[in-house]
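*Asks:* Take a look at the letters that make up each chain.
There are 2 protein chains.
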Amino acid sequence: MKTLHEVIKNIRPIDHSRRNTIQAKLDDLTKPQGSLGRLEELAMRYCLITGKDKPVLRNKIIFTCAGDHGVTKEGVSAFPAAVTPQMVYNFLRGGAGVNVLARQAGARVIAVDMGVDHDFEPAEGLEIRKIGRGTGNIAAGPAMTREQAEASIMAGVGLVEKYRDGLDIIGTGDMGIGNTTPSSAIVSVITGTDPELVTGRGTGIDDSSLKSKVATIKKAIAVNRPDKSDALDVLAKVGGFEIGGIAGVVLGAALHRIPVVVDGFISTAGALIAAELCPAVKEYLVAAHQSVEIGHRKMLERLEQRPLLDLSLRLGEGTGAALGISLVESGLRILAEMATFSSAGVSEKNTEQTVL
Amino acid sequence: MKTLHEVIKNIRPIDHSRRNTIQAKLDDLTKPQGSLGRLEELAMRYCLITGKDKPVLRNKIIFTCAGDHGVTKEGVSAFPAAVTPQMVYNFLRGGAGVNVLARQAGARVIAVDMGVDHDFEPAEGLEIRKIGRGTGNIAAGPAMTREQAEASIMAGVGLVEKYRDGLDIIGTGDMGIGNTTPSSAIVSVITGTDPELVTGRGTGIDDSSLKSKVATIKKAIAVNRPDKSDALDVLAKVGGFEIGGIAGVVLGAALHRIPVVVDGFISTAGALIAAELCPAVKEYLVAAHQSVEIGHRKMLERLEQRPLLDLSLRLGEGTGAALGISLVESGLRILAEMATFSSAGVSEKNTEQTVL
Numbered sequence: 146m147k148t149l150h151e152v153i154k155n156i157r158p159i160d161h162s163r164r165n166t167i168q169a170k171l172d173d174l175t176k177p178q179g180s181l182g183r184l185e186e187l188a189m190r191y192c193l194i195t196g197k198d199k200p201v202l203r204n205k206i207i208f209t210c211a212g213d214h215g216v217t218k219e220g221v222s223a224f225p226a227a228v229t230p231q232m233v234y235n236f237l238r239g240g241a242g243v244n245v246l247a248r249q250a251g252a253r254v255i256a257v258d259m260g261v262d263h264d265f266e267p268a269e270g271l272e273i274r275k276i277g278r279g280t281g282n283i284a285a286g287p288a289m290t291r292e293q294a295e296a297s298i299m300a301g302v303g304l305v306e307k308y309r310d311g312l313d314i315i316g317t318g319d320m321g322i323g324n325t326t327p328s329s330a331i332v333s334v335i336t337g338t339d340p341e342l343v344t345g346r347g348t349g350i351d352d353s354s355l356k357s358k359v360a361t362i363k364k365a366i367a368v369n370r371p372d373k374s375d376a377l378d379v380l381a382k383v384g385g386f387e388i389g390g391i392a393g394v395v396l397g398a399a400l401h402r403i404p405v406v407v408d409g410f411i412s413t414a415g416a417l418i419a420a421e422l423c424p425a426v427k428e429y430l431v432a433a434h435q436s437v438e439i440g441h442r443k444m445l446e447r448l449e450q451r452p453l454l455d456l457s458l459r460l461g462e463g464t465g466a467a468l469g470i471s472l473v474e475s476g477l478r479i480l481a482e483m484a485t486f487s488s489a490g491v492s493e494k495n496t497e498q499t500v501l
Numbered sequence: 146m147k148t149l150h151e152v153i154k155n156i157r158p159i160d161h162s163r164r165n166t167i168q169a170k171l172d173d174l175t176k177p178q179g180s181l182g183r184l185e186e187l188a189m190r191y192c193l194i195t196g197k198d199k200p201v202l203r204n205k206i207i208f209t210c211a212g213d214h215g216v217t218k219e220g221v222s223a224f225p226a227a228v229t230p231q232m233v234y235n236f237l238r239g240g241a242g243v244n245v246l247a248r249q250a251g252a253r254v255i256a257v258d259m260g261v262d263h264d265f266e267p268a269e270g271l272e273i274r275k276i277g278r279g280t281g282n283i284a285a286g287p288a289m290t291r292e293q294a295e296a297s298i299m300a301g302v303g304l305v306e307k308y309r310d311g312l313d314i315i316g317t318g319d320m321g322i323g324n325t326t327p328s329s330a331i332v333s334v335i336t337g338t339d340p341e342l343v344t345g346r347g348t349g350i351d352d353s354s355l356k357s358k359v360a361t362i363k364k365a366i367a368v369n370r371p372d373k374s375d376a377l378d379v380l381a382k383v384g385g386f387e388i389g390g391i392a393g394v395v396l397g398a399a400l401h402r403i404p405v406v407v408d409g410f411i412s413t414a415g416a417l418i419a420a421e422l423c424p425a426v427k428e429y430l431v432a433a434h435q436s437v438e439i440g441h442r443k444m445l446e447r448l449e450q451r452p453l454l455d456l457s458l459r460l461g462e463g464t465g466a467a468l469g470i471s472l473v474e475s476g477l478r479i480l481a482e483m484a485t486f487s488s489a490g491v492s493e494k495n496t497e498q499t500v501l
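One line per chain: the protein sequences are A and B, in this order.
Quick note on the working numbering: the first sequence kicks off at 146 and runs consecutively.
Quick note on the working numbering: the second sequence kicks off at 146 and runs consecutively.
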């Protein structure tokens with residue numbers, strides 16, 4: 146795909162015509178109907194998205210998109226901006242939270258330099274798709290140009306296109322000191338909610354820093370006047386390069402009918418941009434977890450998603466997505482591996498007692 | 146251990162003196178403090194219970210305890226009683242839900258005949274600890290004698306003692322057509338809650354059957370008059386053999402300082418009996434999930450447990466426990482495998498920007 150417009154035009158709604166067939170298979174397994182709850186829902190959704198019958202998750206990738214943020218100058222984070230590139234190196238060495246949980250889930254982590262203020266050498270597991278060396282300070286002007294916003298999204302689409310052969314599931318993740326600030330700004334603008342109600346403590350700021358963070362977001366919105374009906378404008382004015390990258394990963398996943406497990410607050414900001422550009426992507430999303438960040442709930446409502454987990458996570462990186470991928474796999478294993486009533490010689494509901 | 150009294154006497158409260166040491170290790174990992182939420186809590190709890198520093202989960206067992214229930218005569222279940230032994234065979238062949246999810250979690254399933262109305266031949270993965278061929282109909286008299294109640298619990302303790310060498314974690318599970326009825330009766334009696342408020346649809350009964358199930362439970366309590374201050378009396382009068390077995394597994398786990406992940410409604414009824422007998426066991430429990438069964442919440446409150454997952458599960462067998470074991474493993478992997486700030490060269494909170 147060459148342009149964002151083409152990508153959006155080619156994303157199709159999910160074909161629901163196979164729903165009854167898949168439901169019948171789930172109901173033939175040796176369990177009361179529906180008794181595996183959301184695991185069954187996940188199996189259903191995966192089959193509908195991919196068009197497959199008894200899918201097996203073999204190839205799983207978490208794209209952890211990294212970027213720096215000019216707004217860190219305003220003191221919005223508890224950590225110094227240098228942590229962004231330091232953590233990218235940590236991803237490459239396999240020592241970060243997402244690496245640990247991805248290994249457990251059998252997923253690869255691809256770290257993506259979407260706009261880190263540091264020059265990386267090429268490395269195994271690293272994709273360099275740099276749009277710029279950190280965004281502009283949104284409290285003083287736009288994060289990026291409209292062209293850069295589109296380029297960041299297309300970079301995310303490009304990632305999916307590069308890896309999509311045999312790819313069974315995608316997780317999203319983020320790294321970027323300061324990036325809860327643009328994420329709060331995005332959800333505030335798109336849902337028309339006061340910044341106070343969607344701004345949290347990120348990596349762990351105190352009360353006075355939280356007040357100043359809210360003021361910074363208000364200023365960013367006042368200075369930039371993003372147009373809520375134009376998601377590309379919102380991304381350009383108050384977003385981030387890694388948020389654009391994640392939006393692109395989500396669009397690319399939907400384009401190629403690959404289910405995408407969305408991590409927490411920053412990833413969901415990316416998914417929100419994607420869904421505002423193309424509402425059909427909502428059906429391709431699995432919301433991994435409910436983040437501690439207070440703005441996350443508003444995003445999920447807008448995306449019509451019910452998160453799978455609620456474990457008080459607020460790390461990002463794709464840690465929640467790794468856990469979510471395992472649950473999708475649980476649902477698919479149930480569908481593929483459980484015995485049926487007839488194969489196991491188990492009596493069905495409301496039947497007479499049968500002799501063993 | 147020879148008697149239940151000795152088991153209870155030898156269960157010790159957890160030693161919390163290592164809490165600060167473990168917390169310091171968690172806080173030295175490359176993430177904002179506490180940002181992995183409940184995964185960090187699980188790691189902490191596991192270390193406190195076992196006294197280990199960087200534990201690895203290698204040997205995991207789910208004990209799926211099965212028993213039949215005389216009360217099925219009252220039409221309390223949507224499935225015929227013959228399904229109990231049929232499902233035990235399904236466990237042995239690896240085709241049930243718990244087998245699938247246990248395989249994913251790397252856990253073994255041991256099926257336990259605690260009181261199925263069927264004679265099993267010895268088989269790999271089956272423990273025959275039969276107390277009786279199904280309980281008495283609790284709507285007409287006691288489920289079992291007091292001696293049988295104690296024997297069922299001691300059988301559960303014995304399971305842990307047989308397998309405990311090198312065992313890192315235990316999950317509980319149940320199979321028994323009709324067993325939501327005694328579980329509702331147990332929570333009703335112990336917490337002094339009206340049966341209406343703690344009785345659900347089990348495998349999927351309709352409205353009129355639900356009404357009759359509530360009436361059956363009321364009758365069982367009226368006929369048997371269980372003494373709420375005597376958990377053994379409650380188990381004997383309105384319980385089940387597999388519920389006693391699960392109570393014993395929980396007590397045995399606490400006795401040998403092995404964390405025990407408790408499945409849904411029926412398993413939690415077993416844990417409730419165990420905790421009424423010996424309140425110290427509460428600290429050894431991990432509540433895997435919030436069941437759809439409405440009485441489950443009351444049980445968890447009484448046990449002071451917050452469940453890890455809420456996935457609308459209502460299958461039992463240990464399916465939720467398998468998922469819960471994976472989350473405990475996630476917490477332990479975080480502790481054992483993540484890089485520290487110093488080892489990864491990552492700047493800590495509120496430090497000056499450092500050069501990479």
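Among the clues, some could well be false.
No copy is singled out in the list; a pair is fine if it fits within one copy or between any two copies.
What the hints assert, rightly or not - In the DSS-like style, the derived pairs of lysine-lysine whose C-alpha atoms are separated by at most 30 Å in a straight line are: (1) Lys275 <-> Lys199; (2) Lys427 <-> Lys218; (3) Lys494 <-> Lys218; (4) Lys364 <-> Lys197; (5) Lys170 <-> Lys147; (6) Lys275 <-> Lys170; (7) Lys364 <-> Lys170; (8) Lys356 <-> Lys197; (9) Lys356 <-> Lys494; (10) Lys363 <-> Lys154; (11) Lys494 <-> Lys364; (12) Lys170 <-> Lys363; (13) Lys154 <-> Lys364; (14) Lys170 <-> Lys307; (15) Lys364 <-> Lys199; (16) Lys363 <-> Lys307; (17) Lys373 <-> Lys363; (18) Lys199 <-> Lys356; (19) Lys373 <-> Lys154; (20) Lys373 <-> Lys356; (21) Lys364 <-> Lys307.
By construction, these hints were calculated from the structure, which means they are not laboratory data.
Note that the structure is predicted; figures quoted are calculated from it, not measured.
*Asks:* Does the structure break any of the earlier hints, and which numbers would those be?
*Replies:* 1, 2, 4, 5, 6, 7, 8, 10, 12, 13, 14, 15, 16, 18, 21
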